[in-house]
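Using the sequences and the hints given, assemble the complete structure.
Chains A and B, in that order, are what the protein sequence lines are. With positions in the first sequence counted from 1, the corresponding number in our numbering is that position plus 78. With positions in the second sequence counted from 1, the corresponding number in our numbering is that position plus 7.
Hints should not be assumed to be uniformly reliable.
As the list claims (entries may be wrong) - EDC-like, lysine to aspartate or glutamate: derived pairs with alpha carbons at most 20 Å apart: (1) K188/A to D226/B; (2) K184/A to D252/A; (3) K184/A to D44/B; (4) K184/A to D250/A.
Hint data in this document are derived by calculation from the structure and do not stem from the laboratory. Predicted, not measured: the structure shown is a model, and the values here were computed from it.
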Amino acid sequence: MATHTASHDHSARQRLLRALHYAAVVLLIFLLLTPLIAFLFNAFSFRWFYPQLFPTELSLRAWQSIVAANSKVPEALWNSTILAVAVTFSSVVIGLPAARALGLYKFRGKRVIEFLIISPTIVPGIAVAMGLNINFIRWGLAGNLLGVGLVHLVPVMPYVVLTLAGVFANYDPDFEQQARSLGAGTLRTFWHVTLPAIFPGIVVASLFAYLISWSQYILTFLIGAGQVITMPVLLFSTASGSNNPLIAAMSLVFVAPSILILVLTARFLSGKSSAIGGFGQL
Amino acid sequence: MKYHCQQGCGIAQAGRLGYYRVGIKRERTEAILTFWDRWRIPIMLAPTLAVIVFLFLGGLAYGALVSLGWQPIIGRTEISLRAYHSIMFSEQYAAVFWQGLALTIWVSVGSTVISAMLALATALLLRRTFFGKRLATFLYQLNLPVPHVVAAIGILFLFSQSGLLSRTGAQLGLFDFPRDFPVLVKDKFGIGMILSFVWKEVPFIGVIVLAVLQSLGVDYEDLARSLGANRWQRFLYVILPLVMPGLLSGSILVFAFTFGSYEVPAILGVRFPRMLTVTAVRFFQNPDLNARTEGMAISVIISIIVFFLVLGYMWLSRRTVRQD
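What follows is the structure, encoded as structure tokens:
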């Protein structure tokens with residue numbers, strides 16, 4: 079700890095350390111941001127010849143082709159949005175009771191149940207999707223939004239249940255009892271007592287459900303069978319081509335909503351939340 | 008005891024006591040258990056378990072059956088390990104499989120170890136108080152919601168032979184042509200894939216470690232300092248043991264994800280050696296339905312390897328690391 083009696087040498091060393099620390103932070107942020115900057119460069123570039131570092135001719139061509147009449151981007155955005163919203167809503171509805179059971183009660187076999195629920199975070203999605211593919215074709219669930227949405231629930235459920243169970247672990251159900259004894263019905267009790275108490279948890283669970291569904295490529299691809307075009311599916315097929323401005327512009331359209339939603343919900347997030355693991359699944 | 012009510016809320020309380028399996032007055036509480044009290048937990052768990060059992064376990068189990076040669080659609084109902092044998096030992100596929108496995112292990116272990124070390128270093132960097140800390144922490148987390156497909160494309164834009172890095176080198180007079188720049192993406196050592204995973208996962212593990220560090224405060228370190236511990240000793244004996252559980256749990260998720268991920272290898276990989284997931288999907292897409300057996304066998308092998316490595320890792324870390 080630097081005190082006012084510290085020697086001149088000591089404070090010079092402190093200053094040097096501080097400067098080094100700043101340099102390291104700036105370098106770190108620069109390295110993390112350059113791939114994102116590369117998207118901006120590419121998205122507005124036109125005839126960007128080697129070895130120019132910056133594109134000298136700027137163009138909106140890529141953006142025009144995104145909004146053009148024959149563009150598949152609007153359809154993909156629509157499908158991705160429908161899927162993400164439906165998956166988010168149903169995963170929270172499905173996961174809420176389980177989270178309550180896991181957060182509030184002790185019961186026999188609880189650890190096995192918990193292990194079962196988190197196991198989709200460990201086993202790769204391709205194994206699950208390949209196994210489901212044949213049966214989904216038979217049941218008419220392959221190649222449509224319903225089937226794809228159902229499969230999206232698999233990677234989403236662990237994070238929704240874990241997040242909400244964490245909230246219920248610090249929740250006192252006696253308040254519900256009090257509301258009921260004052261004459262509130264089940265629905266009113268849920269709406270006025272339970273929901274406000276667990277709201278931050280629902281926001282975080284929804285954030286991760288949305289992000290995981292929105293970013294899902296391989297499950298959509300294997301179950302959608304080329305019929306369900308979402309943003310990642312469209313981006314992936316565009317990326318196998320060489321139209322860099324279009325690839326970059328499409329990527330930006332794809333990540334913009336996620337970044338926006340993260341910024342809006344950042345205050346509910348903490349690195350200690352078990353939901354944070356969801357970021358590893360995108 | 009948290010619950011004090013004597014009457015009225017007795018049923019709810021009894022239900023709770025019943026599930027807590029508290030020894031006192033067990034018979035009496037059991038007697039007034041209603042249907043709802045008895046079945047409430049199974050009913051609450053049912054929707055989630057239905058998703059897990061039917062979609063997750065069902066998919067896995069059916070996939071495992073297919074890998075054993077069971078495909079009634081094309082009239083195959085005998086069970087055998089033929090596909091596994093063919094994948095691992097036949098002249099046609101053995102090299103593809105073993106080289107793919109080696110590459111997959113190299114890329115996933117490499118990405119995990121590098122990410123964990125850089126995450127710890129960068130979290131320590133961002134933990135100190137400095138002007139602009141909030142902005143730096145915000146920018147540090149900015150790539151968290153970026154999907155891996157996009158991360159792989161970003162690495163392509165940066166590190167390909169005509170990418171930004173190569174252009175920067177050319178401006179500095181290091182290269183004249185794109186071909187002078189080393190092959191760092193779509194390379195056979197998986198460097199591009201590792202770069203892509205590291206870029207994505209450093210902030211991911213870093214945010215977890217940073218949260219632990221911030222909740223610890225500086226008390227432990229001040230104490231160690233007052234006992235004469237130097238900077239290195241404080242790191243090794245105070246900080247490291249405290250952040251280890253967070254670091255390990257983040258690393259497990261990263262390892263499992265990278266081992267089974269498809270997008271990054273498909274965009275940044277080469278034909279040979281090819282990551283196992285990409286090989287599995289290619290088998291699966293083969294119009295000849297017989298090839299699905301091999302594809303499923305590979306994905307079952309991937310799942311088994313990931314599952315047991317993660318279990319072993321958790322068992323090891325539980326034995327050596329203090330759990331919170």
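To see whether the hints hold, each was checked on the structure:
1. K188/A to D226/B: Roughly 36 Å separates the two Cα atoms, so the pair is violated.
2. K184/A to D252/A: holds (17 Å)
3. K184/A to D44/B: holds (14 Å)
4. K184/A to D250/A: Answer holds: K184/A to D250/A is near 15 Å, not above 20 Å.
Violation of the numbered hints given earlier is confined to hint 1; every other hint is satisfied by the structure.
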